[in-house]
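Residue 269 in our numbering sits at position 269 of the sequence shown; the count goes up by one each step and never skips.
It cannot be assumed that every hint is accurate.
Dumping the calculated DSSO-like pairs for lysine-lysine here, alpha-carbon to alpha-carbon at most 30 Å [what the hints assert, rightly or not]:
#, residue 1, residue 2
1, 247, 305
2, 324, 367
3, 128, 247
4, 260, 196
5, 196, 247
6, 247, 260
Distance ranges between label pairs, derived from CB positions [what the hints assert, rightly or not]:
#, residue 1, residue 2, range
7, 335, 305, 55 to 65 Å
8, 126, 223, 10 to 20 Å
9, 313, 197, 50 to 60 Å
10, 117, 324, 22 to 32 Å
Since the hints were made in silico from the structure, they are not lab data. Note that CB positions come from ideal geometry on N, CA and C, so glycine has one too.
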Amino acid sequence: MSLVSHRQPLVIGTALLLGTLLAGAASDEQPAEAPAQEEGAPAAEEGAKGRSRRPVMAPGQSAPAAPPPGVARPVRTEPKEEAPAEPPPPLQFADEPVVTTAAPAEEEPQAGGEEITDPAEVRYYTRKGNLHVEMRVRPGIPVPGEPVEIGWRLEEQLLIPDPYLGDRRPLSGVEIVATVGGPEPERRYEVHAEPKPGNFGFTFTPHSAGLYRIALARRDGRSGVEVEMQLPVGQPPLPATRSLEVKRYPRAPIDPSDTKAQMRELARRWMALERAAGTPQAVAAHTNLVEFARQLEASAPPPAKRGYAALVQMLGTIPTGGPKEQTLGQMDEVNFQTCLRCHAVARLEFAEDISNWPRYTPNPNLKPPASSAPGAAPRRGPVLPVRK
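Let's have the full structure, built from the sequences with the hints guiding it.
Spelled out as structure tokens, the structure:
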């Protein structure tokens, strides 16, 4: 066979091969048809599709097959955060004692805004070494000649908190004494432990105005309770500082139906006049006593108004500008003619009729001094009647 006869099939095969290659290149340059967007698909997936590579197709396939109708892609949802479950209650053993936590007692309300000039109680808070100290003073402003109640709350600071007590532990199991000095020579008092752990207290009577010093220490002389506080007598409470917190608590209003509270306040003003007798302060003390008696008369029930009116009249006869003996002598007369006359029926209960005082009719139903009823207040008497 000649060369020409061989060249012709080669040319035809070459032409067919080139045509096939050109057709394949043209089909590769055409973009693949994007499938229809599914309903509800997020826009973020559309951007991801545009940036994705061309799908892999089988030989002879020109475009990827469309997804079957009704098939939706699952939407990714983030799991919801569940609320933390409550911790299980602590285990209780049969031989373990049951510990009940008592609700804390409500503290007396402290007046805000204006300063309390005559507080019923003043509390001082500070820290002395490893001890947290609270000193309670009643009355808030002590005066010379009047007993003062000093209460203490002592707590030790714990380096490692206790699961029940916290970071403080009430001081207990120790005997404490208090040394009081200042305007007067030093005196030593026994500090009594109260039922509540960490609480202590004692009472003393100052006789001079000024700044007293109260030092606490253990009776056995060992260290651990070195506390020293200052107490103003006849002066306003100490001011608050960075290391001393001061709280004042007002006096509770007197209930007109509480006769004991009324008599207690009347007696407090009566003793103030006794202490001020023969001094320039007697006029102010006498005015305070008479004004309070008038308040009692205004709020007294009708059966008692006559007695309070007589008391106000007799209190007005007490002289305040003379010598001390003259003031005290007239106070004794008022006490016998008015106060004791009322107490004979209402308090001591030994008299039934006092219309001819100091003569009186004895009470035939006089009860013994001590009542056998549980919780009943003790009674006074019997008292023999005056025979003239």
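Outcome of the hint check:
no. : hint                  : verdict
1   : 247 x 305             : violated (39 Å)
2   : 324 x 367             : violated (40 Å)
3   : 128 x 247             : holds (18 Å)
4   : 260 x 196             : holds (27 Å)
5   : 196 x 247             : holds (22 Å)
6   : 247 x 260             : holds (27 Å)
7   : 335 x 305: 55 to 65 Å : violated (21 Å)
8   : 126 x 223: 10 to 20 Å : holds (19 Å)
9   : 313 x 197: 50 to 60 Å : holds (53 Å)
10  : 117 x 324: 22 to 32 Å : holds (28 Å)
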